[in-house]
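With the hints as your guide, set chain B onto chain A.
In order, the protein sequence lines correspond to chains A and B.
Sequence positions in the first sequence follow UniProt numbering and run 1 to 312.
Sequence positions in the second sequence follow UniProt numbering and run 1 to 376.
No more than 25 angstroms apart at the CA atoms, straight line, and that leaves these computed lysine-lysine pairs for DSS-like:
#	chain 1	residue 1	chain 2	residue 2
1	A	303	A	230
2	B	90	A	230
3	B	167	B	315
4	B	167	B	178
5	B	90	A	303
6	B	315	B	329
Stretch by stretch, here's where chain A covers chain B in the computed footprint (C-beta under 8 angstroms, at least three residues):
#	stretch
7	75-81
8	89-99
Each pair of labels, with its calculated beta carbon distance range:
#	chain 1	residue 1	chain 2	residue 2	range
9	B	109	A	104	41 to 47 angstroms
10	A	107	B	56	28 to 34 angstroms
11	B	94	A	107	27 to 33 angstroms
12	B	106	A	116	37 to 43 angstroms
13	A	116	B	71	19 to 25 angstroms
14	A	110	B	10	30 to 36 angstroms
15	A	103	B	94	25 to 31 angstroms
16	B	125	A	12	52 to 58 angstroms
Think of the hints as simulated: they come from the structure by calculation, not from any bench.
For every residue, glycine included, the Cβ atom is placed at its ideal position computed from N, Cα and C.
Each chain, letter by letter, is given below.
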Amino acid sequence: MSIEKSPLRRKLDKLFVPLTVGPTLLWIAAIIIYPTAKLLLSSLQFRNPVTNEMEFVGLRNFQRLIFAREGGDAALGVFSPSFVSITTNTVIYVGFSVSISFLLGLGIALLLDKDLKGRGWFRTAVIVPWILPYVMSGLMWRWMFQSDFGAINGALQRLGIISGNIPFLSDGALAMMALIIADVWVFTPFIIIILLAGLQNVPEQLYDAAEVDGASRWSRFWNVTYPFLKPSILVALTIRIIFDIRALDLVWVMTQGGPGKSTEVWASWLYRTAQVFNEPGTGAALGVVLLAVTFAIVASLYKIFGESPYEA
Amino acid sequence: MAHVELTDLVKEFDDVTAVDGISLDIPDESFTVLVGPSGCGKTTTLRLIAGLERATDGEIRIGEDIVNDARAYERDIAMVFQNYALYPHKTVRDNMRFGLEQHDTDEGIITERVQETAELLQIEELLDRRPSELSGGQQQRVALGRAIVRDPAVFLMDEPLSNLDAKLRVQMRAELNKLHEELSTTTVYVTHDQVEAMTLADQIAVMDNGQIQQVGEPTHVYSNPRNMFVAGFLGSPSMNFLEGTLEESDAGKFELDLGGAIHNVPDEFTDALEPYLGDRVTLGIRPENIALNQDGVPANVHPATVEVVEPQGEKTVLELELATGQSIKAAVDPDTTVEMGDAVNLRFDRDSLQYFDPTTGKSLTYDTKIEQQATI
Numbered sequence: 001m002s003i004e005k006s007p008l009r010r011k012l013d014k015l016f017v018p019l020t021v022g023p024t025l026l027w028i029a030a031i032i033i034y035p036t037a038k039l040l041l042s043s044l045q046f047r048n049p050v051t052n053e054m055e056f057v058g059l060r061n062f063q064r065l066i067f068a069r070e071g072g073d074a075a076l077g078v079f080s081p082s083f084v085s086i087t088t089n090t091v092i093y094v095g096f097s098v099s100i101s102f103l104l105g106l107g108i109a110l111l112l113d114k115d116l117k118g119r120g121w122f123r124t125a126v127i128v129p130w131i132l133p134y135v136m137s138g139l140m141w142r143w144m145f146q147s148d149f150g151a152i153n154g155a156l157q158r159l160g161i162i163s164g165n166i167p168f169l170s171d172g173a174l175a176m177m178a179l180i181i182a183d184v185w186v187f188t189p190f191i192i193i194i195l196l197a198g199l200q201n202v203p204e205q206l207y208d209a210a211e212v213d214g215a216s217r218w219s220r221f222w223n224v225t226y227p228f229l230k231p232s233i234l235v236a237l238t239i240r241i242i243f244d245i246r247a248l249d250l251v252w253v254m255t256q257g258g259p260g261k262s263t264e265v266w267a268s269w270l271y272r273t274a275q276v277f278n279e280p281g282t283g284a285a286l287g288v289v290l291l292a293v294t295f296a297i298v299a300s301l302y303k304i305f306g307e308s309p310y311e312a
Numbered sequence: 001m002a003h004v005e006l007t008d009l010v011k012e013f014d015d016v017t018a019v020d021g022i023s024l025d026i027p028d029e030s031f032t033v034l035v036g037p038s039g040c041g042k043t044t045t046l047r048l049i050a051g052l053e054r055a056t057d058g059e060i061r062i063g064e065d066i067v068n069d070a071r072a073y074e075r076d077i078a079m080v081f082q083n084y085a086l087y088p089h090k091t092v093r094d095n096m097r098f099g100l101e102q103h104d105t106d107e108g109i110i111t112e113r114v115q116e117t118a119e120l121l122q123i124e125e126l127l128d129r130r131p132s133e134l135s136g137g138q139q140q141r142v143a144l145g146r147a148i149v150r151d152p153a154v155f156l157m158d159e160p161l162s163n164l165d166a167k168l169r170v171q172m173r174a175e176l177n178k179l180h181e182e183l184s185t186t187t188v189y190v191t192h193d194q195v196e197a198m199t200l201a202d203q204i205a206v207m208d209n210g211q212i213q214q215v216g217e218p219t220h221v222y223s224n225p226r227n228m229f230v231a232g233f234l235g236s237p238s239m240n241f242l243e244g245t246l247e248e249s250d251a252g253k254f255e256l257d258l259g260g261a262i263h264n265v266p267d268e269f270t271d272a273l274e275p276y277l278g279d280r281v282t283l284g285i286r287p288e289n290i291a292l293n294q295d296g297v298p299a300n301v302h303p304a305t306v307e308v309v310e311p312q313g314e315k316t317v318l319e320l321e322l323a324t325g326q327s328i329k330a331a332v333d334p335d336t337t338v339e340m341g342d343a344v345n346l347r348f349d350r351d352s353l354q355y356f357d358p359t360t361g362k363s364l365t366y367d368t369k370i371e372q373q374a375t376i
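Just chain A, with the same shape it has in the complex (with noise of 0.2 angstroms):
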């Protein structure tokens, strides 16, 4: 006996995958396709400050911001000081923190696989800094970098390294490596949980099987942990070097791109121009050159790290 739907019934089934996906592909659009557009569309807009109308410009903004002004208008040919000094002080940003952040991560997650002693006291320590709020491990940061009351100086002083104060947040240099220990400091936490995690993937086993076959420590690393920490990997360089280009708070707590414009990376450039400036036309721009650069860095990621140990 066949059983016979009612016409009801079959319509709700009908419409069971639209109104299962169909919230979530409203949704997606509303937040990830719409600003993508936008953002695509002002990058090719100028706004007229006095009508405060967008006039179509074509690829005038992105002129502007690469190349050097040369008579009022950008020439082709001769990139922009500023942008170069912008970008240089960004790959060194996001360079040295996510190297430096990715090495000692990994040190301390290989420790705290072992079979320490406080090992779960410790690993829940060693969060803490990821889970203050940005701004406030900026303010923090901000305080113990100052020249004339800040702990570091203090600390130096007292164990007699130095005699007068360092001016660690208004020297150019200094300032970036301020900001580089900050950014170290709040976001190893997570490349230690990631790569932890990953490394409970590793088979017990093959550790033994390395063992028994003369492995040394390196080659156990190398041949067994590394290919499967691969995946674990590409998660934690994904993500740090995408929140570090995006990374704002720290830089604008702690030095707002200052001094001059020595600590000035992409993000606060583009909240500059967009937000401060109103040109929300070369802003867009920016944010067009960051998503490209991003996507072109996870891809590349994706080539080294993306095979997963089991892949044939």
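Quick look at chain B alone, frame taken from chain A:
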């Protein structure tokens, strides 16, 4: 090749004593199987020999060297793991090469040995595949290959067949036997499967509670268990134990009062059992040493009722209830025609009877039986 000698070996983990003072001699070229239930310490013992665990006390000797402080790779051993432990991101060839490469072996020798071993195990066509592309049986072969290629003094195998299905297991068992015949490398093999132990070993060590309960040739241990644990662990279905009080009849014969039924103790055990007169004694008899006796021969016949009939093909296992209420299993000829509820008489083969002290579990008749076997 090398012999392995364990002396008073102890391994403690925090509060747990996993290996409790075992001594074992594993002769050169022998196939020794450590068998016992989970948690008996057999795998820990193997890992101690491998150097993957440090002994708390005692001595491990491989060949002429005491290796307690040697690292695993300095001990000239190779190990096959329960889950194969193949490197998933390496091809079969690279898995097999890895150990040799770590020992800075000559490239030419590596290639040659990998090829030889692959031929021996018939896995040549798998050499360029990754483990994830192989079946369980093939992975097992590769794991064996990785051990063989190293040409070690000792093979250590930790339940290598337990992840295979029943048919493949039987097949691999035969192949392991053949391989051992061919290579004659001293092998220590851990399993909880007593059939595997019986079929593979030329020396079996039954372990329980971190101690070796008995060592010997498989058939010898099977027929002459030193205690109730060994008696019960080896054999499937396992040995029947019937507890009763040992008494002397008016005729001066020893008999076991099973609580309603009387079991006559053969005369040759009188001397051994004399100190236990009046005490509780456990009779042990294997299911295959029980016959259905329809003719009613008077000596040692126990009436029973058939409760369950389990035809297993090569034999039929009967679950029976004795007149005393005790449960007993018998393995009989598959042609036997009995049904549930049938009343039968059971005859215990007198040469296969064992007697144990129910409190210590120790065999009371082990020495007598060994002496008898020596005189025959």
